[in-house]
Amino acid sequence: MPDVKASAERTPRWAMAVDLDRCTGCQACLVACHAENNVPVAGEKLAGYGRWMHWIIIDRYWEGEFPNVRARFMPVMCQQCGEAPCEPVCPVFATYHNPEGLNAQVYNRCIGTRFCGNACPYKVRTFNWFRPEFPEPLTEQLNPDVTVRSRGIMEKCTFCLQRIRAVEMEARAAGRRPADGEIQPACVQTCPPEALVFGDLNDPESRVSQLARSHRSFRLLDELGAEPAVIYLKGGETNV
Amino acid sequence: MKASNGRRGFALLWPGLSLVLVVLVVGAALLSRRVALAAPAQPIAFPHRLHANAGVPCLFCHPNAMRSPIAGLPSVQRCMGCHAYVERGNPEVKKIAQYWEEEKPIPWARVILEPDFVYFSHQPHLSAGLNCETCHGDVASMGTYQPVARMDMGWCLDCHLEQPQEDAARLTDCLTCHR
Amino acid sequence: MTPRLTRRDFIKVGAGTAVATGLGSAARKILLEPFVRPPEDVLPGQATWYASTCRQCAAGCGIIVRVINGRAKKIEGNPLHPLNRGKLCARGQAGLQVLYNPDRLRNAVRQTGGRGSRTFEPLYWDAALDLLTEKIGALSDPGRLAFLGGLMPDHLYRLASLFCDGLGAPPPVIFDLHSALEGRATADRLSKAFFGSDELPVYDLAHTEVVLSFGANFLETWMSPVAQSRNYGRLRQGPFGGRGLLVQIEPRLSATAASADEWIPVRPGTEAHVALALGRIIVEERLGHVGSHRSYAVLYQDVEVGDMAQASDVSVETLRRLARVFADADHAVAIPGGYLAGHRNGLAGMLAVQALNVLAAQVGREGGVFLSHPAPASALAQTARVDTFDRVGDLIARMRAGEVDVLMVHGANPIFELPAAAGFAEAVSHVPFVVSFNSFVDETAIQADLLLPDHSYLESWGYQVPAPGADRPVVSAQQPVVRPLYDTRATADVLLALASRLGGPAAAALPWVDEVAFLESSLGELVSSSLSAFPADTAGDFWAVWRRSGGWWSEKEIPREPEVTSVVETPLRVVEPTSEGDSGSYPFLLYPYPSVSLSDGRGANLPWLQETPDPMTTVSWGTWVELHPETARSLGVVDDDVVRVVSPFGSLEAPVVVYPGIRPDVVAIPIGQGHVDYGRFAERRGGNPLALVAPVTDPDSGAWAWAATRVRLEATGRRKALARLESLEGAGRESLR
Chain A
1 MPDVKASAER
11 TPRWAMAVDL
21 DRCTGCQACL
31 VACHAENNVP
41 VAGEKLAGYG
51 RWMHWIIIDR
61 YWEGEFPNVR
71 ARFMPVMCQQ
81 CGEAPCEPVC
91 PVFATYHNPE
101 GLNAQVYNRC
111 IGTRFCGNAC
121 PYKVRTFNWF
131 RPEFPEPLTE
141 QLNPDVTVRS
151 RGIMEKCTFC
161 LQRIRAVEME
171 ARAAGRRPAD
181 GEIQPACVQT
191 CPPEALVFGD
201 LNDPESRVSQ
211 LARSHRSFRL
221 LDELGAEPAV
231 IYLKGGETNV
Chain B
241 MKASNGRRGF
251 ALLWPGLSLV
261 LVVLVVGAAL
271 LSRRVALAAP
281 AQPIAFPHRL
291 HANAGVPCLF
301 CHPNAMRSPI
311 AGLPSVQRCM
321 GCHAYVERGN
331 PEVKKIAQYW
341 EEEKPIPWAR
351 VILEPDFVYF
361 SHQPHLSAGL
371 NCETCHGDVA
381 SMGTYQPVAR
391 MDMGWCLDCH
401 LEQPQEDAAR
411 LTDCLTCHR
Chain C
420 MTPRLTRRDF
430 IKVGAGTAVA
440 TGLGSAARKI
450 LLEPFVRPPE
460 DVLPGQATWY
470 ASTCRQCAAG
480 CGIIVRVING
490 RAKKIEGNPL
500 HPLNRGKLCA
510 RGQAGLQVLY
520 NPDRLRNAVR
530 QTGGRGSRTF
540 EPLYWDAALD
550 LLTEKIGALS
560 DPGRLAFLGG
570 LMPDHLYRLA
580 SLFCDGLGAP
590 PPVIFDLHSA
600 LEGRATADRL
610 SKAFFGSDEL
620 PVYDLAHTEV
630 VLSFGANFLE
640 TWMSPVAQSR
650 NYGRLRQGPF
660 GGRGLLVQIE
670 PRLSATAASA
680 DEWIPVRPGT
690 EAHVALALGR
700 IIVEERLGHV
710 GSHRSYAVLY
720 QDVEVGDMAQ
730 ASDVSVETLR
740 RLARVFADAD
750 HAVAIPGGYL
760 AGHRNGLAGM
770 LAVQALNVLA
780 AQVGREGGVF
790 LSHPAPASAL
800 AQTARVDTFD
810 RVGDLIARMR
820 AGEVDVLMVH
830 GANPIFELPA
840 AAGFAEAVSH
850 VPFVVSFNSF
860 VDETAIQADL
870 LLPDHSYLES
880 WGYQVPAPGA
890 DRPVVSAQQP
900 VVRPLYDTRA
910 TADVLLALAS
920 RLGGPAAAAL
930 PWVDEVAFLE
940 SSLGELVSSS
950 LSAFPADTAG
960 DFWAVWRRSG
970 GWWSEKEIPR
980 EPEVTSVVET
990 PLRVVEPTSE
1000 GDSGSYPFLL
1010 YPYPSVSLSD
1020 GRGANLPWLQ
1030 ETPDPMTTVS
1040 WGTWVELHPE
1050 TARSLGVVDD
1060 DVVRVVSPFG
1070 SLEAPVVVYP
1080 GIRPDVVAIP
1090 IGQGHVDYGR
1100 FAERRGGNPL
1110 ALVAPVTDPD
1120 SGAWAWAATR
1130 VRLEATGRRK
1140 ALARLESLEG
1150 AGRESLR
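Chains as they are written, first to last, in the numbering used here: chain A, 1 to 240; chain B, 241 to 419; chain C, 420 to 1156.
In isolation and in its complexed conformation, chain A is listed as follows (with noise of 0.2 Å):
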């Protein structure tokens, strides 16, 4: 099958870019993850403790004082970091790097030491600190293609690899690759004001790749050297 040859060639580097001028701040992305990933609910005594699940969060900043004072919105999901921190302290290989840049977390290999939300500089890593509730029906909005975890399980953002895997196999069943703007992850597809866009850094003509050649792109604590696949984009300026 030379269309599978053909793939294996030019393996992509999953990558996000985040538009701050366009983000309002809305948590559409932050609730369409948890509907997309099973993340669960903490409920309000966790919560307040810190043990929120949720895999994407909007930070917050004010600047200045009333009454210039200004606020601004910056999304953060895991970022699939090249040369991720959280990778090498993992006693139990439970998180490694896959050949498409993405940073794996295998539930059934995590044994719970969070090590690796220790090591993580975004802190971007959540803790099952107890078995998540689901009281019925509501566990039939569980979405069938992405693992329920358990107590004692490490998890983040994965860029929805099912829907990664699940526009591969229908590209690769049709015998083609998957188009720029194929694959969206949950918060991308719903973002309102499309401030999120997903795709393959590998392919300089993505749009990803084009705006990570803006002179707007920066990336997160880039000084760390973690390498992230999160490209963001600055705000207040044109793109031109």
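I should point out that these hints are in silico values taken from the structure, not numbers from a laboratory.
Straight line, CA to CA, 20 Å or less: simulated DMTMM-like cross-link-like pairs of lysine to aspartate or glutamate:
1. A:45 to C:1059
2. A:45 to A:133
3. C:492 to B:356
4. A:45 to C:1058
5. C:1139 to A:44
6. A:123 to A:59
7. C:611 to C:1119
8. A:234 to A:21
9. C:448 to B:356
10. B:344 to C:452
11. C:554 to C:824
12. C:492 to A:136
13. C:975 to C:785
14. A:234 to C:681
15. B:335 to C:452
Given the coordinates of chain A, assemble chains B and C onto it according to the supplied hints.
Quick look at chains B and C alone, frame taken from chain A:
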């Protein structure tokens, strides 16, 4: 003396028990291989052999394998498509007819069960040119289905590792089956 | 010393054995039950997507729902739908939890222990319908029946109107808190006064250069936030190169103001003073487009810029700068928002803002103001319009006077949504028989004698004409994506069954056998429409296409240009804001605002939305009081200190969030929490600020002036930690501060 005997007896209790346990473990492990390969009882003694010999292809009754993660079981309607006319007197076929009349599904017992964190799809395996028999064995010679392999991760990898180099890298990635 | 095996080790080994041998799993027997007859559109294990319409707010976005093996698994925006183009907000995404909520009412019940007893006795639907038929049949005068609707889909509103009309009862009264906070009733009046139209204006954000938003929180909760957010994205980094400027004029920095380039913390109720001053400056200094000023000079003859600056607390320099920016732009638009409508000078203020668009010649121009399309068929013209507070007040007065014998409530929760001082809870005790069609036992349903739960919106049929609309005529389709989970019944079918049991004029007014037959007849006119994006030859084809694509809409974009009425020939009035409570005893103005996740409180029973952090404060699961740092300091309170907020009408206690983006004379509290009933996730959590609000109206429009109540603050000395993403002590898992 007596006390020391008693102490010795007590000291031997746990190692003794553990010996028994080792025997049990080995026995249970051997047994479990058989249990894992044993098929559960089915509500209807369905003979795959007869159907295959009559020339019915696998995909006639399990039609979703080409299009879906799940191969699928035939609906009662599909069974009745033939058995409204064929072998109506057979006691097993009469059971089907009864489910049909009562508009009830047939409660087949699941034979192959993968854990919840394993995501297997029939579709790409068939697209890659595999036969049903490659994994499921010579079903055409069976009555109700009897599993031929344990279908654990090692078994999957046995095959995935044998693929050409460039595919093997992708097919042995954890994220191929776990997500 | 020899190594010894202890009892503890023995247990460990034993436990390991059970796992190693896998005996546990071999004992599991799992049944596989294939279909008796396979449905055509289901492939086991594969997802089927059904198109429908979101009912989480009044906007009417198109959705597609992923269904696997008969269960709804995910809601996404319908990529074809002209309003939202595949996008959806947090509330829309959370719709699955309405369907699969553990606290849904599962069948028809009677409250046998008396109202509020929570003793329910299940009832067969036939018996329930008999009972209701008997109650309606026994009315001495059909005028003694009242129908109160909330966020009703348009088809059900039409049916309820026909039902009331057929019986000879007054038309349904519609009240919905979210719509009240959006200022929909006032916006309707404004449209009528300004453009002589029943339809709402659409502001072309995607193609404009300057947006002056006067209290319009259009990225969170105002009108059609998804469509507006999508256009906002294009305003910022659109395909046209330029980057639009957004100025937000409001007393509290909302998430929309956070996204704006400039926030003008105007004195509450004087937003329109800014608009009037801008107009006066543009006319006086002949800014912007040449030649259009003289004719509009009359509008601003009573306006004195210095007075406006003084009243609104915005400097004359700022006003001049804004006037120049607005007038000089080729494409600019001013938006009169919902917060304006919450004041007693609401309609006058919104007129002043809309006048800016006329002055700058932005009406019917790209990047300016357009009108929504009316319903594309006469049968669809009867759409659910929110009534003013005055009309709700009339209903309350009738109930209190004993003039209502049967009250039917659908989708409304007035006991939670109306100010406590409006007295709905007391008035309902004068009504002998109350029927609720709500899917959940909320604060109003608990006062009902008979509860006849409607399906959830994902199990229902219907249509919706989005208001405000898209760039073309649209009717959104609603269809069941899963079979009804429980023994609930579509309220449309209940009304049809009631009509046929009652016979006479009611039966004649509602001749359809069921809801679907009613829809087919209502949509009949669209079948032969030549505009359609999905042409169909026969009614059968139309119905298939309608369900597949999620509605009917025009293939081409058809902007509707408004015509300005003679309103622009009369001078604009300067109306000073007034508020309830004297400023001596009540030094702060209360700013209640709808939460982006819980909306007006209807989202409070969905755990996903409860867990969603507020974008500005990052608080989830609670109510808080936002205070300016100065205000907090003078009161001696810090974050998480509980304060008591007291108005002349009630009081509320909640922890403080010190909020840098609010005027020192304003206190803001989010709406949404404080439910007494409404399911396990909503009950006994936080407080409802509506308990503090005065039941006063804008005399010009009759709309509820919900932002015109004064309060005072008292420290309680107690503390309660709020669940926040951002940790105040630097502990926990908050990121990157």
